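In the order they appear, the protein sequences are chains A and L. Okay, so the first sequence: first residue is 58 according to my numbering, each after it adds one. Okay, so the second sequence: first residue is 354 according to my numbering, each after it adds one.
Since the hints were made in silico from the structure, they are not lab data. It is possible that some hints are incorrect.
Among chain A residues calculated to face chain L with C-beta under 7 Å, some are [what the hints assert, rightly or not]:
(1) Ser401
(2) Gln411
(3) Tyr415
(4) Asp417
(5) Thr425
Computed spacing ranges between beta-carbons, pair by pair [stated by the list, open to error]:
(6) L:Thr532 <-> A:Asn97: 27 to 37 Å
(7) L:Gln792 <-> A:Leu476: 51 to 61 Å
(8) A:Leu88 <-> L:Thr532: 36 to 46 Å
(9) A:Ser462 <-> L:Gln786: 28 to 38 Å
(10) L:Lys429 <-> A:Thr89: 26 to 36 Å
(11) L:Lys791 <-> A:Asp418: 16 to 26 Å
The structure presented is a predicted model; accordingly, all values stated were derived computationally and were not measured. We put the CB at the ideal spot given by N, CA and C, even for glycine.
Here is what each chain is made of, one letter per residue.
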Amino acid sequence: MIAEKSHTAQHIIEQISAKASKVNFINDSDLTKALMYLENIGIPTNKDENYKYCNMDALFKKEFKNLDQKLIEIKNVAEYKLEDAINLVVLNGHYSESLSDKVILQGLHLTAFSDLDTSGKKLISSLVNVESDGFIALNTVFSGNGFHLQVQKGTVLHMPIHILYISSSESEALINTRNLIEIQDNAEAQIIEQQIIIGKGKVFTNYLSEKMIGANAKLNSCLFQNEGSFGYSVNTSQVQVQRDGHYDNTTITLGGQVVRNNHNVALVGQNSQAHLNGLFSSKSNQLVDNHTLMDHQVPHCESNELYKGIINDKSTGVFNGKIYVRKDAQKTNAYQSSKNILLSDDATINTKPQLEIYADDVKCSHGTSTGKIDEEAMFYLNARGIGKESARKMLLASFAREVISKIELDSFRDKITALFENEL
Amino acid sequence: MANEILEEHINNEYKYGFTTDIETDTFDKGLNEDVVRALSKKKNEPEWLLDFRLKAYRHWLNMKEPKNWAHLNYPKIDFNDIIYYSAPKQMPQLNSLDEVDPELLKTFEKLGISLEEQKRLSGVQSNIAVDAVFDSVSVKTTFRETLSEKGIIFCSFSEAVQEFPDLIKKYMGMVVPYTDNYYAALNSAVFSDGSFCYIPKGVRCPMELSTYFRINSKGTGQFERTLIVADEGAYVSYLEGCTAPMRDENQLHAAIVEIIAHKDAEVKYSTVQNWYPGDKDGKGGIFNFVTKRGICLDDNAKISWTQVETGSAITWKYPSVILKGNNSIGEFYSVAVTNNMQEADTGTKMIHIGKNTRSTIISKGISAGRSNNSYRGLVQIRKGASNARNFSQCDSLLMGDQCGAHTFPYIEIKDKSAIVEHEATTSKIGEDQLFYCKQRGIDMEKAIALIVNGYCKEVLNKLPMEFAVEAQKLLAISLEGSVG
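So that you can see chain L by itself, here it is in the shape it has in the complex (with noise of 0.2 Å):
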């Protein structure tokens, strides 16, 4: 019974796996230097970051390719078998939504993204704006005349590069500089559009504001980056959603976020990642390799990170908070889910340095299939960072026998006065649980479907809501009969 099910839900086809007809606008394969000034002179950027670019190009070639430590298993990427350059031929400048090709809308709108301003998600009132990156480039940035009234900027990154360079400057590569990590390296010398947002002193975002990514041509891999600044009293929820259709090659996603928390800031930044997991016996797939980290640059700053993982065939993320300015306050809040030939080592870095800081990490694994999924963390208090106080909990779902799930928190402590609680399981479904569902007439799946919900609540609760119905409704796909 059991196997049946779990065979139909392996069987389960991804939705987002078509494919959109467009002309596009690409770059031959392979990578060099003169593919990143290639890149820069199509994007008219600047002379310094173009210097910036390469600066990270000539350091990204110095560095080797982090192989060991992560508990992950995947074949030899390929840097040369890439295009890094791939965009839907469109006149350059859009005023409104009538100049956006229809091929485009329609693909947003069969992932029910709405470029539409007046449209809403399934009926809930509120309003969100909508950053939609399609393969390189940014191409509709909603609500923006709305927003900037308030003075909110919230755009394309390339944009704001030409007309906020100031800012860019200021900001970018504050908190992920180019020689943190191989990927980040990467990133920072082909990064090709992504989203911006700078939300002024004391001002509260009126909506959510979110980037939706998609991966449409083949052989192309996405290098976006998004940069967030909230200034002094600041408030935004900023959404992240990707979809890509399946393909029997593994494309490459190399992001970077960054996120900068003002005196009283906050910001609260959530993840539905669903990039195409890979087929049953592991073809395909997408490679995230994501740095998302955000710094509480001044006093009572808090930064929110909450990600729903189903997505990629390999998932390598950790979003972090530096919790610099005293009385900050960083949350990771994560529901990773695995299934397959999936593998994920996902968790967080609290970096406590200012004074009564706090940090809460919610960890929920589900492994299914033959997958297996990680958690993977470094909670640190500095020396200094007196009263810092950090509550861990990861706790690890295991469906079938081929799966596995792993934690691997590090923690370190450098000062007498912290607090650091950790703590972890591992654990199936309980037979009682089921017995109990299924004793007062609920059937094996819904058992299931609300268990793993109940297991995963914390986590969902903290989702805003229009994105928590979708994660919910995920999680159920996802998960269905996986155990018996």
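In isolation and in its complexed conformation, chain A is listed as follows (with noise of 0.2 Å):
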């Protein structure tokens, strides 16, 4: 039995072509490639393992068969902003510098795609692989005009960045959103993304983003998702890692229709370490997807990961994530712990952790449980008179807390817990 080739890629690019902007940032060999596995292989469907239980093929034939892109443009987002950072705005996949604040801060460098000389140009797409996923792919065809943040060699940034990715449109859009995070040699910074959808129509925003984190470098990053019911979105990001660098990440999905998270962390240089975090919580009949890959390839390398979901109502959550330990990378340790409340009886949550080791000498571990409210927990409550609701949240925040506290800026950190304790 040969499987039907779906014409979903094709269609999306016969549509979106018109519209889409001239890319001229991305070289040559791998807008062919790219171009080819749109061709041959196209939008993954749940016969592709990695999409298994998110069928994308399906949603675009379903959700998105006629791409309009009728774009808004947003005029003022100043209440998105945030007050102790450098707000940078990314409006319909395009870098605002209108909207955005002025960076004016030393050792800090920001650059339109579109304003890249050729050695900049070149950074571009040098971790991802074109052929690697059908979202990579399409994004590198249309990719909108992001931008380049380079963090210089021994910067250490003191106050945190702000991407705000807001996406508009009247009707049924996809935006191709992309950047290149580039921390050098013996930085630090501190960046917070939040993926916003603003308006009446339903936005498919293919994220990608690029994270080299250079030698004994530090990146604490934070990424809040709270695009509502009309928001459809792929983020993937490919972050690599030098010798003594240090990656953080701690990703928050509050709101979205289908949100499935790509999160590629290769630890490329000895003794580096990646810690990722992730909290989902999801109602209705949403669809939160969380892939996280670690790819320890060399030696002494140290990576955690906990990732935590509330599935309620009709909704369905998925975590799948992957330690890969190469062949030479002895001395590894990689921890990872998935964590899961189901709510409701229509609630669907599929997990799986991979563990994929070629060296011996090596701990690993991974540890995942699902289950409800603990019963005792309640009845420890409800005996010293809180009643059933309140102790529900507060079972419910304080699961919640182990992530979220691993959110470094304080005012962010508050405004998260306020809008996460909210919607329980």
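With the hints as a guide, bring the two chains together.
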């Protein structure tokens, strides 16, 4: 039986080609490869092991039949900005200089892709393999004009950078957002990313971010996803950490009809480390799918993962974490934990914590558990005069706090805590 | 030092690699509808069974060989280069042991399997009834009379087809339909023999039942089918063992095992799989593609799989339990050892459908040499399976830096009252553990045997005693001194 080839990718290409910006910052060979990939393999279906629980092909056929791309220009984004940060705004896939704060910090460079010189352009698409995933290929072909953010050697930024991704459309639209973040050797930075949808049209945003962390550099990042019921997204983060580098990320998913996160970290320098944390809360018929890949390429690296989910109503949560230890990566320490709470009889959680290990002197483990709210804890609180509803909220808030507390910026952490607890 | 010991182990001869020189009745190589018909005719099978085989064969033709999803790497199998039927030449009906070809008796004697009913395994008291399968046919089933006094049916599959067609018709394909997967479809079309076991209502089987599989002829594939039915309140413990001669070619073994447990019944199925694993360069060895599945059909049933996998070049095997009845229990205990170029992708599926169902998975993987050892499992809690409970633990031990250990657990939960836990670890034998043993005067080899046995203890404890002894020895041989 030969599976019938899907033409979703062709359909998308035909519809958005006319309105898409002409990409001139990605090299021709990658462009050709990406087009070939879309032609031959296309948008992943649930037959693709990586998209087993998240059939994107079917989603496009059902929800995005007509990509009108009637994008709206938002003029005022003040309410979403953070006071104690440098705010950068990406509107419908393009970096908006007028909406963003001026960058005047020493050692911090921000350049729109279209303004990059040859050596800068070379960095784009250097971490991702365009032939590994339909969405990377799609983004490569139709990427909006994103930016290259560079924290130069030895620079320690004392002010966090806040990247605000805003998508807005009157009708069905597909937006390809892309950026490249480069933290050079011995530099340190803190980045907060927020994804927001404004408007009444369904928007599929295909985010792609390449993050390079240099030797002894440090990046602490937080991604807050709250796109609401019109938001559909795939978020691919491809991170590379050099010797003694340190990468920390916390992903909080509060809203979004379909949210798929592909978080791939490659530890390529010895003694580097990565910590991935995630928290999601899903409702109605949402789908939140978190995929992580921790690629230990060299010895003496460490990784930690903690993902938590609260799944309510008819929603579905997915966690697929893979720890990949290459043959030479001896003395690896890798840990992974996934904990989930199902709140409703119609909720579903699919987890697949994978270990693929080719080195013998390693310590790797993963654990996952799924259950309901602990009845004994509930009883304990009830017995002390705390009502069922407040006890429930209290227990869920504490379940979530383990992840939320990893956010470094105080004001943002408080904001997320309030938003999250409000949802319970 | 360590390398020397490892070398020594790698050069270890496969103990059961001899061949038996015996006159056989063999089909020509190749597979087509005529082969299926001829096979059925040879077995004097009723019309309905031939239909079943043909349906399966036609379905198989339309299926694609699965290649991508398992963490295995093996050459393409040429299904037309396999002999689908090979049987020792003998008289049609055996009434006593004297009529069995003495060469065959010697073979099984050499394997430590006694077909004489009074003999017992190495001084252990309990009785074991054996169904011995040699290439494509069952040569002898022991203790049939003793068992039939209790109403227990234990015979070869072919005999069961003739004598108990209603039971076979009712249960065959119930748990593993011929459409299930590629190898199950192939087996359904060309299965040659196997064992059938039926324990009637309320009967506790007084002895261990066992099937021993032996591949002998060159170029043959072995396709057998085991069907175990435990009626209400019945209990049976079932053992399976297997070996094959050393050959340069890869031989295919594609079996189906189906277990049906009715209300309050319990079935314990243990396997010590020791097919020829190929030589140290990965030449030869058995390709083991087996579909094993049990169903707890009614309330309070229990099915337990225990396996010790040390053989085969390729192992592709997922003994599963469908927990349909309320309060039913499924268990899976596994030790999988791979060495040299062996590859194993094995695990289980626990499908929770009934209420208050429970399952336990304990999997211990040990990889050495240049082998790859994967655990692949599914725990599925269906909607309405309230208060389902699962605990899984998958540990991997790596010996040497050329091997790989992998874990691919799938956990799908659709009920909020379910409690599911999964944990997995990968590590090597701790230097501190070795040091502790050594400084107490235990030499390296013994220390490793001790630690590995301790590591596997949770699983070995679940084996029936006779098997546990065998399995422990097997582990010791497979791994002595693999780490230093």
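Hint check, failures only: none
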